[in-house]
Each structure stands twice: as C-alpha cells, then as structure tokens.
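*Asks:* Chain by chain, the residues run as shown.
2 protein chains.
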Amino acid sequence: MLGDRTLRLQHGNRIEALCVLGTHISADVYGAAPAGAVSFGVKHTEGVSVEVACRGQAEVESAPSSRMQWPLDEGTVLRISMSQASTEVNDNKVTVSFYAEGGQPINQAGVFLTGIGISLDVDADRDGVVEKNNPNKASWTWGLEGHGAILLVSCDKESPFTPASDCDDERVFSKEDLLDMSRMVLRTKGPQRLPQGYEIVLYIPVFDADKVGVFYVQNPFFGQRYVHVLGRRKLYHTVQYTGGAAELDFFVEGLCFPDDTFSGLVSIHVSLLETLAEGIPHTPIFTDTVVFRVAPWIMTPNTLAPVNVFVCSMKDNYLFIKEIKNLVNKAGCELKACFGYINRGDRWMQDEIEFGYTHAPHKSFPVVLDSPRDGGLEQFPIKELLGPDFGYVIREPLFEAITSLDSFGNLEVSPPVTVAGKEYPLGRILIGSSFPTAAGRRMTRVVRDFLYAQQVQAPVELYSDWLSVGHVDEFVTFVPTSDAKRFRMLMASPAACYKLFREKQKEGQGEATMFKGYLGTDTKRVTINKVLSNDNLVQQNQYVQRCIDWNRDVLKKELGLTEEDIVDLPALFKLDKQGKAVPYFPNMVTMIILAKDLGIPKPFGPVMGGECCLERQTRSLLEPLGLRCCFLEEVASYHGRLGEVRCGMNVQRQPFAFKWWHVTP
Amino acid sequence: MLGDRTLRLQHGNRIEALCVLGTHISADVYGAAPAGAVSFGVKHTEGVSVEVACRGQAEVESAPSSRMQWPLDEGTVLRISMSQASTEVNDNKVTVSFYAEGGQPINQAGVFLTGIGISLDVDADRDGVVEKNNPNKASWTWGLEGHGAILLVSCDKESPFTPASDCDDERVFSKEDLLDMSRMVLRTKGPQRLPQGYEIVLYIPVFDADKVGVFYVQNPFFGQRYVHVLGRRKLYHTVQYTGGAAELDFFVEGLCFPDDTFSGLVSIHVSLLETLAEGIPHTPIFTDTVVFRVAPWIMTPNTLAPVNVFVCSMKDNYLFIKEIKNLVNKAGCELKACFGYINRGDRWMQDEIEFGYTHAPHKSFPVVLDSPRDGGLEQFPIKELLGPDFGYVIREPLFEAITSLDSFGNLEVSPPVTVAGKEYPLGRILIGSSFPTAAGRRMTRVVRDFLYAQQVQAPVELYSDWLSVGHVDEFVTFVPTSDAKRFRMLMASPAACYKLFREKQKEGQGEATMFKGYLGTDTKRVTINKVLSNDNLVQQNQYVQRCIDWNRDVLKKELGLTEEDIVDLPALFKLDKQGKAVPYFPNMVTMIILAKDLGIPKPFGPVMGGECCLERQTRSLLEPLGLRCCFLEEVASYHGRLGEVRCGMNVQRQPFAFKWWHVTP
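As given, the protein sequences belong to chains A and B, one line each in that order. Residue 1 is where the first sequence starts when you use full-length UniProt numbering, and the numbers rise one by one after that. Residue 1 is where the second sequence starts when you use full-length UniProt numbering, and the numbers rise one by one after that.
So that you can see chain A by itself, here it is in the shape it has in the complex (with noise of 0.2 Å):
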C-alpha cells in the first residue's frame, strides 16, 4: 500500500526494527552521519539486502561483509529489505561506519532487523479458492479479464429462531451460514512471539462498517465457535499472534446490497502497529488491503426456465387456479398457492414482489425484492419465502407517496441483448416512468436508485404514465424462441386490432359479436361495425397507439431491436374520466410465460365459424414460433378488477448461467 517506509538511523545508536518481507526500509544515510564524516561503507547479514541509493543515480547492491566506501553526500539513503522470515527476533542486522577525511573511522549507526512475513487473502481471481497474496488483491474490476473478490449479502436465514435475515445479526449459529460467506485468510510468518511494543490489528474503513460482517472461527475444546470481529461498532480487531508459519481463517459477509450512496466496494485492511513506550500512542508501519466487491441483486427475464409460479388463492379464483394447475404441469414446474390467511384478500402477487437471485463464485442463492407497495401481502414474502439459501431485499420511501407505478407490473427485464456492439448478457432491466415535461407518476426514487446501483443490467425508463393502472406489462413482454434470436418482443397494439377487424368487416363479419359469455359489466351486444364506427374510440386509439409507438421507438433502440424482433398483438384501449388507458378487452400481453407454455387472458373477441378472431391471430403469430398458447377465462376474477393473468402470479425463474462479473458495465 505505501512506497518505502522511512527508518531514522542515528550515529552512535543501535535501533531496532520489523522488516516486513516485500517491503522496502529506506534510511538517511547523510542525516544519521556525525559532524565531520566525508564517506561510509556498510556491513550486514546474509538475511538482509542493503542497496545504496545516490541522489540522482541508480541503487548499487552491496555485498554483506563489503569494504567498500561510499563519498557522504546529501539525499543517501539505504534500502533495506528482506526475503527471509526470522525465526527469532534481532536474528539480522545492518551497520553503517562512518570516516572521516583520510578514511579514519569516527563512529558506526546501526539497526537490528526482524524479518516478518504478512499478507491478508482472498479469492481475488474468483475461482472459488482463497490464493497467496494476489498482486491484484487491492483492487477491483469488471470483465472476463477482470479480478478482485466477491462477497454475498447474507439477507438469507438460515436459522428459524433469528428474528430477521442473517445479515441483521451479528451471531453465527450454523457452519450452514458460514457457507454464504466469503472466505478471508491472515497468514503471517515470523520469530514465536512479536518483539516487546508491536501488535497485528485488522480493521475497517468507518463508513464499511454497516456493510460488512467479518467473523473468526475459534476452536475451543467444546465444538467451534463463530466470534463477531468486525461490523457494527467493530471497527478493528486485534489479532492473536502465533509464531511460526500460521493461517487464520476469516469469513466475511455483505451486510447490503449497492445502493446510490453505496458503490458495493468494501475494504478491509490489516496493520502493523509500532509503539515507543508506555503512554505513547501507536504508529503503523505496515499494511496490507483486500477489496470486496458485493454482488449485486439481479433479475431474471421470462425467457428463463420457470421453477416456482405463485398465485393467490380466492373466493373466486377456484376455476382458474384449476387452470394454471394444467399449464404449470405442462410446464414442469410447480405451482405454490398463497392462502387467505396470507394473501389477505390481496390477489396481486405480481405486484408485490419481484423474484431475482444474487451469484458469487462460491455460491449462489435466490432472492426476492419486495414492493413498496402493501397490500394485503405484506407479510408473505418474508413469512413464506425468506428462509435458508432464499434472500429478502426491500426499498421502502421514508416520506414519499406511493403510486400505482410502484407495484413491480412496473418493472420488467429483457433477455440478453447487444445494442450498437455493447453487450447485456444479463438484459435490461425496464421501469415504466412518466415524461419529464408531465409532473406525472414515478415510481419511487428509492426503488430506481437500488435498481440502477446493482449495474449489470443498466435501467431502461419506459412511459407507462398514460395508462391508469401505468405498468409496462400491459404493453410489452417477451417470449422465448428456439431461432437465432432467441426472443421475440410482444406488444399491444390497436393498430393491429383495427386492421384485423378492417379485414374482418371487409370479409363480411362486421356483425360478429364481441364478449360473449363475458362476465364483466359491459352488456350491451358489440360488433366489429359497432367498433370501427365509432370515432371517440378510433381517436382515442390512435392517441394509445403513439404512446405504445414511443415505447416502441426507445425498445428499438435501446434493446438494439428491429421491426422483425417484435410481434404486435391486437390490442384496445379506451380512456378513462382522468384521460388514462385502460384496456377495452382483456389484454393478451399481459400474458403468463412458462417457457414454451404461454398462459394468456381469454380476450372475449368477435367470433366467427364458433372462433374467436382475437385468439386465432395470436396463435396464427405465436405458434410459428414454437409457443403454444392457452387462454385462461379471468373476467371475473382479474380483468374486471383492471388486471390479467399475469397480475395475479409470480413466477421464481432459473437464474443466468452466465457470470454477472465478466459483465462490463
């Protein structure tokens, strides 16, 4: 960390000094000379190394036992260093002998040297074992070339009797939760005991302190014991000194994840104190540093393998549960239900909550990020969810509102996508925003800081403000393929919804009846005629279509799509009092996505030959692709509660086989 240390010889006197091996001692030559002296020669050791620097010339190594003299000049300074340990203390020693004119000696200056060997260590090139001193372990940087060590957040609980997660306890009850943490070894070599004055601190930067965890394992005859060292109101800790070659074991856990006053790199750094005498205060003279880096929160898109699906479980809800149970099947994966007394009469699990994971090379576990948003499932992602290797994350406002655009319909993520040759392996996250020039909804600052501070899949701000509930999922999403791109991305789209029903009323169907057997409240008989004439809902349309089309526009470019990546679903919306969207039939995408299975909302259009002509053209542009779509009756129980399908689920997903740092961001 520091250049050479500077040692004060003194003519007449015999120091004492620790060497810490790879460090270099340099010392005054010419200040520690007596009145008088012209030149100097030096004798040491063979454990020692003594190089002679001249102001302006280059260091000349001088032989242990040499008779060389070296012309006294001003800015002379030896540098001292040593490769060897010392097995005991004093066991080196260096002597300068000072002439005068005419080369009689005057007078000697000299130092006993104890060399020592200290270096902190951790997994710095992030294959998962604790290595020797890395030259890189002081720093930290991103890439497939990148090094520097990892930490997880423990916000997992791996013991049912802790009141939070793990990360707000400062007590180790199991080796499970050592599993979470990140490995950390002191190795030091040296004489048995340190000389009289010198002590081994590890310590903390102050502003660290409520971002880490370090504990120490100890071994006492009844079983093992797990001692807190540093944290909250720890910032340092001294450390036993064994001699000999000796490793002491650390574990070291993140205590929160990157946040916007908070990078999510941590240091810890170990010292060498010196002290004079009784009374006087301590000086180091030596240290060494390792960085963390804490990994972040990320989220995982539907193009992913589904693992869990959620759905809360209501009064009115038993058909369509019945349903999802079908597809999740079909799937493979498995469906929890949340009941009443959890759910507490709040069906939007989409809402609530949003399922991520966190990676380090040792270990990997998911995580949710509950919503600021609390309904009646406030209490399930931490009563049902938190528990062993599955992490709790939440962001609440201190003073600000919430809104609608707070509910996590709101934030979505992309597949991985390459935009003008930048890569995001791990997507995109999207938030549905408002324009600047409106004072519209926002989601909540807190919220969009966490999320851009994780940095691996950098923030995309949609315009969801126009809609009255204001979620991106109620027009966009996307589905896996199996061609090249991988992806397609589906959007609502009244533009399509108005040339199909164009086509349809030139075919001579402009008499086929919308929502039949609807549930919703809407009654009246309507047709495709009854639709095309009618010129508010045109109009109104053609307004929703710009502010889908200016999504549209900031996808294309910032998720580096084409026309060809997108598939625009037909869509209507109409306006409410306040001038806000809602949809006008079920909206298909808002759609439920398990792999190839898509679940989407039964849309109620005008049928024709015993067909509904909405559901024939989205199987007619997704099933091409490979998906197979089933849609689900949720009138009652969701639509005409202004959500879909996918409002009323969750779906925990397989996280990214692929490395969040080798991302550069």
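Note that these hints are calculated values from the structure, not bench results. Computed from a predicted structure; not experimentally measured. By construction, the Cβ of each residue, glycine as well, lies at the ideal position given by its N, Cα and C atoms. Possibly wrong hints are sitting among the right ones.
What the hints assert, rightly or not - Ranges between beta-carbon positions, derived for each pair:
#1 B:Tyr30 with A:Lys330: 33 to 39 Å
#2 A:Asp389 with B:Ala277: 54 to 60 Å
#3 B:Ala245 with A:Val206: 56 to 62 Å
#4 B:Gly56 with A:Gly387: 48 to 54 Å
#5 A:Ile382 with B:Ala277: 47 to 53 Å
#6 B:Gln218 with A:Ile382: 54 to 60 Å
#7 A:Val206 with B:Ser313: 37 to 43 Å
#8 A:Pro135 with B:Leu398: 39 to 45 Å
#9 A:Leu265 with B:Thr141: 20 to 26 Å
#10 B:Gly143 with A:Gly128: 39 to 45 Å
#11 B:Tyr30 with A:Glu511: 24 to 30 Å
#12 A:Ile382 with B:Leu398: 30 to 36 Å
Go by the hints and put chain B onto chain A.
*Replies:* Just chain B now, kept in the frame of chain A:
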C-alpha cells in the same frame, strides 16, 4: 435522442405529420396495406426524400415520381426525411399506391408533411461561443480533446438588495447577473405558425430542478425583463413559436456545486408535442437534449501569486500587524484587516474559511468555502467577502459534532504534480484525518464528500490526529521555487532539530539558551544540553517523527516526490496529557507564503553569537532557493494560544491559468 419515429399510414386515408429536419420517420407499408394488395408504389414531392427498406435488404432511394412497383412484404417500411423547413403547413406529401395481383390499383395511403427545424444549442466546444447544433451537445467528456458545455454556480451576489447569493434567488436584477450565466439558444425554422395541436416545450428532469435555473430575456417596450422559466417548482416551459427562422436566447445558471449525490451534470430538453384532439393528452414526437457540467470549486496552493491577505485586528496584535504590513507590501499584494466588530474576538482567520475560485470559458470568479467551524468570525465571509463576482459556499453537518479537524488549517492543496505518469495540473487536496484503526477525529463527512466531488484536485487523506490541534499545516507546507521543480515541500522535523542541536553541542554551544525574550508561559532557562538530556522529550519526539514520517511516506507516494523535493525544518513537539502533540517552540513550518516572501514564526531557538541557530539553519535551507525569510514575533498573540502566524491569516490567490476541464480525473 430517439431512433426513427414510427408513423402509422392507413390505406384509404391521408394523414398529416410534422417532420423534424435531421430525423427519420419510418412507416410500415405492409401494415397499412389493404387486403389483397401484393405490391405498392411511392410518389412524393421534391422536398421529401424517401427510402424503401425491405426486410434484410439495404434501403433504396425512391425518386419523387417513380413508376416503380415494389413487392409488398412483411416488414417493408418507408424511411421518410426532409432537408428543408416548410414555408407553409403541409407543403409536402408522400403517397403510397397499393396494387393487386396483375397490377391494378386498389387503394392509396398518404401523408402530408410539414418540415420544421428545431435545435437547442450551447457552447459544447468551450470556446465561449454558442455554435449551431453541435453533434456532441448531449454528452460531456473530460480532457484536452473533450467536449460539453459548462455552467457556473451563481454563488456570488450582484445586488446588495438580495438576501443571500444569486442562486438562492429566482429574480435577475441586472445584466451583470446574466454575465455569470451560460447562454443557450433555441433555434427554430418553419412556417408562420405550427399546425393545430402542436407545441414546443423546454423542460428539465425532476431531479435537476434544484440544480439549475433558466432565464428568458423579454424585450417589451419598457426595457428588458428577465423571466425565470425553469428551475425549482418550474419543470417545464412552453415556448412561444415565432414562424420563419427564429433564435430564442436563454441564460442558464448552476444552483449548487457537485456533491456526493450530484455528479455535476445537468441536462435540458426541448420537445415537440402533438395532440390529436381536445381532451386527449400530448405525446412528444421529437426531443433535443443539451448537457452542462457545473464548474467545480477549485483550491489555490501557496505557490500561486497572492492577491489579498486577510488578518484579524485584535487588541494584542498591533505590532504583529505592522510587521505583516511590511511583508505584504514587499510581496506587492494587499492587506485587509478584519476588525473587532466583525471578528468578535476570533483571530483564527485560517481556520474559518478557504479561498478558491470557479471557472468557465465565459467567466471566472473567486469563491470562499466557509468551514463548519463557527467562532466569532462566523459572519465574516458572508458580510465581508460575498458580493459582486465573489462567491460563497458552505457545507455543514446536520447532526455530527464539529472537531478541531474541521478547521481549514487542516485543509491544504499541493502545487501541480505528476505521479507515476498521472498528471494533477491543479494539484491534490490534502486533508488531515486519523488512522482508521483508532476511533479518532476526522474532518466531518459532508465537507470531505464535497471536496472529493469536485474531482479535479483528487484529495489525499493524511494523519493529523496525533496533534492536539490536529491540522496538516502544523507539519507540512509548500513554497514556490524558480527551478525546474517549481516548488519544495517543507516538513516539520524533530530529527533535523536534534541533529542540529547535537552538532551545536559538539561545537561547545551546549549552554546556549532558548526562549530569550520569549513571552510565553515557560520561564526557566532552557539550554541545548537540557533539551538533549531530556529522555522523555527525546522519546516523545521519536514518536512524533514517526507520525510525520508516515505522512512523509504517504506524500512522497501520492505526490510523486523524492527526497530532493523535501526540506526538513527543525521542530520539536511535546505530548499533552491526552498523548497529543503540541509544538515545543514556535513551529516554523506553519508559515505564511507570499510569492518569494515567507512570514515565519520566530522560533526563539538557542542564541549563539547573537543569532538564533534555528533561524540561521532555516535561512541556510530556504534562501538558496531564492526565498526571503522574515521571522515574526507571534508568541503572545498566536503561539501562546496553540496557533502560529499562518493560523491567524488567510490569503486569496490568483487562479490557475490551466483550464480545469482539460483535466482527466
């Protein structure tokens, strides 16, 4: 900002659209086609250029009245653009004709186009002049080859009537006020009036609202008026469109300096909004963006030429001020006394404030940073310094307690240095701190964050907590030299003092007495022999030397210095009951530097042959460098109160000639 803008053509329909010069409109031909169409043709007016882009093929320019027929494939789009602004609304058009099998025409789709030029312009090339539509105006980069416009924080106060500085005020009282601001021009070109339903708005992101202010200059018959159009509580402003070629002048001011939560970058947007009909919300169809960086606050090292020297006039320092006056006259700058009614018994001018400046291509002025320390001088910077072209800024902690390390004797800046190839053309800020191991005193976080956030003088944290007062200026300072290196670093050095005393002892001067005529508390006779035989003092100063050497080693590394760049001035310290160091005799390194003239605390060292050997030694070290030493008697008025010459004074200096935006942080 956006890529192509999507426009929805529709067969059997003629729509109208605005086309902003330099942008593209892309229209999906396939989506607009009637049933049965298999091919299409395009006709357009001269003012429009149209490209036909078929899926996966290069675009083909289509001649205005070409008879060419294109196959109608999915994904075929027209890319429409205009190079000339329209003189009348809808004076251009594009017509698409659709043909059935065999080539008979079925139907048409058309769009009437109005070309309009919109560009928001700033001085992105930093030559003091606003250029036209600079391609780099929306981004900001550092360095000689960098680009991006610059804002000043109008933290000065042009008018005596305003309560605080100009940036706390949304009114502009005089042309002078505008001279601090950066000019921004909105250029528009088009027909006499915009078509129905369009408007142009200027706006800022919500999180920039408290960081930037924009004014517009009106010219009614009764002289000019300055209208505040954007800033706090004003997120957007609808621009008056005046036909033909128009230039609207705006003036932009920064409201706060960069800080830990503010990078310094602000953006301003202009959007062209479109609305379809009454009651239907707007959608933006074009946005242009400019980016400014708020100029940082910059410190001035001792090596810059002095302009004004400030000192407090106290009951007890009449003679001292007389001496200072001579020194200041020699140096050719001005002495400004701060009298009792304003200093209210507080003499520590160095600790209350730090002088600096801010700089943009169009303007530069001094800015004083007010320390959180509030003694009697609290009112001085606002009452005596803040004014026309003299800025003021303060950072104070909300809750944290203030310590002596928050005084600005603990805040210094080095001369320009180059460290291992990296250049710091404005030097590096030096902050006194404590070892992280000890729960010691540090400068309060808000001030440190502010200093780091300025970016152009990357701070170095030193260790000053070992001192009772705890200021870096107690052990290090910098003096200008006329040689290649341009400066030397002076450090307090007990080792140098002991070396000198031992030599004098050898020369038989051991009985020479210190503190002759010294008015401090110490009364018993002190000789060189007494000092050298005081083992306790020796040990304490060995400790002090190690603390100084720690800083010396850090400074050598962080400022890229060698032994030749450092001058060790003799000094002695003693430890108080808390184990903190205080000077044993007046501390010469805490001097005031006015170009070549140094005002040095008179050390009252051992007198031999009528001369103080400490003064003599100091002269012999500094005068060969072309510096003039003047030793000032200051025991009663400063040293006796744990301060020295420098602590009682402050110097406003010339700014750097170097432009900060040429730095690469």
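*Asks:* It remains to establish, for every hint, whether it holds in the given structure.
*Replies:* The hints, checked one at a time:
no.	hint	result
1	B:Tyr30 with A:Lys330: 33 to 39 Å	holds, 34 Å
2	A:Asp389 with B:Ala277: 54 to 60 Å	holds, 56 Å
3	B:Ala245 with A:Val206: 56 to 62 Å	holds, 60 Å
4	B:Gly56 with A:Gly387: 48 to 54 Å	holds, 50 Å
5	A:Ile382 with B:Ala277: 47 to 53 Å	holds, 49 Å
6	B:Gln218 with A:Ile382: 54 to 60 Å	holds, 58 Å
7	A:Val206 with B:Ser313: 37 to 43 Å	holds, 41 Å
8	A:Pro135 with B:Leu398: 39 to 45 Å	holds, 42 Å
9	A:Leu265 with B:Thr141: 20 to 26 Å	holds, 24 Å
10	B:Gly143 with A:Gly128: 39 to 45 Å	holds, 40 Å
11	B:Tyr30 with A:Glu511: 24 to 30 Å	holds, 28 Å
12	A:Ile382 with B:Leu398: 30 to 36 Å	holds, 32 Å
Violation of the numbered hints given earlier is absent; every hint is satisfied by the structure.
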